[in-house]
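Enquirer: Quick note on this note's numbering: the sequence shown kicks off at 8 and runs consecutively.
No lab work stands behind these hints: they were computed from the structure. Here the structure is a predicted model, which means the values were calculated and not measured. Each hint should be verified, as a subset may be incorrect.
Keeping only pairs whose Cα atoms sit at most 20 Å apart, straight-line, the calculated SDA-like set for lysine to any residue is [as the list claims (entries may be wrong)]:
| # | residue 1 | residue 2 |
| --- | --- | --- |
| 1 | K165 | A187 |
| 2 | K165 | D43 |
| 3 | K172 | R148 |
| 4 | K163 | L92 |
| 5 | K90 | E30 |
| 6 | K172 | Y145 |
| 7 | K172 | Y24 |
| 8 | K90 | R29 |
| 9 | K172 | E30 |
| 10 | K172 | V136 |
| 11 | K165 | Y26 |
| 12 | K163 | N57 |
| 13 | K165 | L27 |
| 14 | K172 | E94 |
| 15 | K165 | N88 |
| 16 | K90 | L185 |
| 17 | K172 | V111 |
| 18 | K163 | T186 |
| 19 | K172 | D134 |
| 20 | K90 | V135 |
| 21 | K163 | A44 |
| 22 | K165 | E32 |
| 23 | K172 | D40 |
| 24 | K90 | D181 |
| 25 | K90 | D46 |
| 26 | K172 | D79 |
| 27 | K165 | T52 |
| 28 | K90 | D80 |
| 29 | K172 | D43 |
| 30 | K172 | T102 |
| 31 | K163 | D79 |
| 32 | K172 | H183 |
| 33 | K163 | V111 |
| 34 | K165 | D79 |
| 35 | K172 | R29 |
| 36 | K163 | L149 |
| 37 | K163 | V127 |
| 38 | K165 | S125 |
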Amino acid sequence: MTQNDIERVSSVKNLDYLYLMREIEDFLYLEADVLDARDWERWLTFFDDNLRYWMPIRKNLAFANRERDATDDREISWFDNDKDLLERRVRQLLTGIHWAEEPVSRVSHVVTNIRLDSPVQEIREGDVVDVRSHFIVYRNRLETETDILFGRREDKIKRVSGELKITSRRVLLDQHTLTAKNLAFPLF
8 MTQNDIERVS
18 SVKNLDYLYL
28 MREIEDFLYL
38 EADVLDARDW
48 ERWLTFFDDN
58 LRYWMPIRKN
68 LAFANRERDA
78 TDDREISWFD
88 NDKDLLERRV
98 RQLLTGIHWA
108 EEPVSRVSHV
118 VTNIRLDSPV
128 QEIREGDVVD
138 VRSHFIVYRN
148 RLETETDILF
158 GRREDKIKRV
168 SGELKITSRR
178 VLLDQHTLTA
188 KNLAFPLF
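Kindly generate the complete structure, drawing on both the sequences and the hints.
Expert: Structure, rendered in structure tokens:
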């Protein structure tokens, strides 16, 4: 165990930490429920105006290079969006004529293994915390199209006007080759 792990485990004894974790978990679970309900306009409210929402591409590397198993800022990614681009993608979905999502997919999001990168007791106004989580996304479309995606997320969550907002999200799929036909629906 690292010193950070020991501090995180010992902080569990503090009720403020438990309340904060519960608030963060509820926030991320609600986000998943909103996505499952296809309430994409409401989903956008989970994000800060200065959002970076990106998914680098995973690489197949030797064990010695395992720390560089995803593309970085200077390389290609599956997507690299700001809030404005997410809003435009949602507006396009809401037209009802988005070819890749007509008819719409049935999607279920599972978020798990939520944890703070460092032990904190609260998030004050303007504070940013690093939150890691894992996800499973199940999508079914038409009669036979089924996708199951596993991965993890690295979020930066900030308190803005008393509410939690995601200011950055890095999505890491556990697959190198994307087997889904598209990423046209809000996945993560």
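Enquirer: Which earlier hints can't be squared with this structure?
Expert: 1, 2, 3, 5, 6, 8, 16, 17, 18, 21, 24, 26, 30, 32, 33, 34, 36
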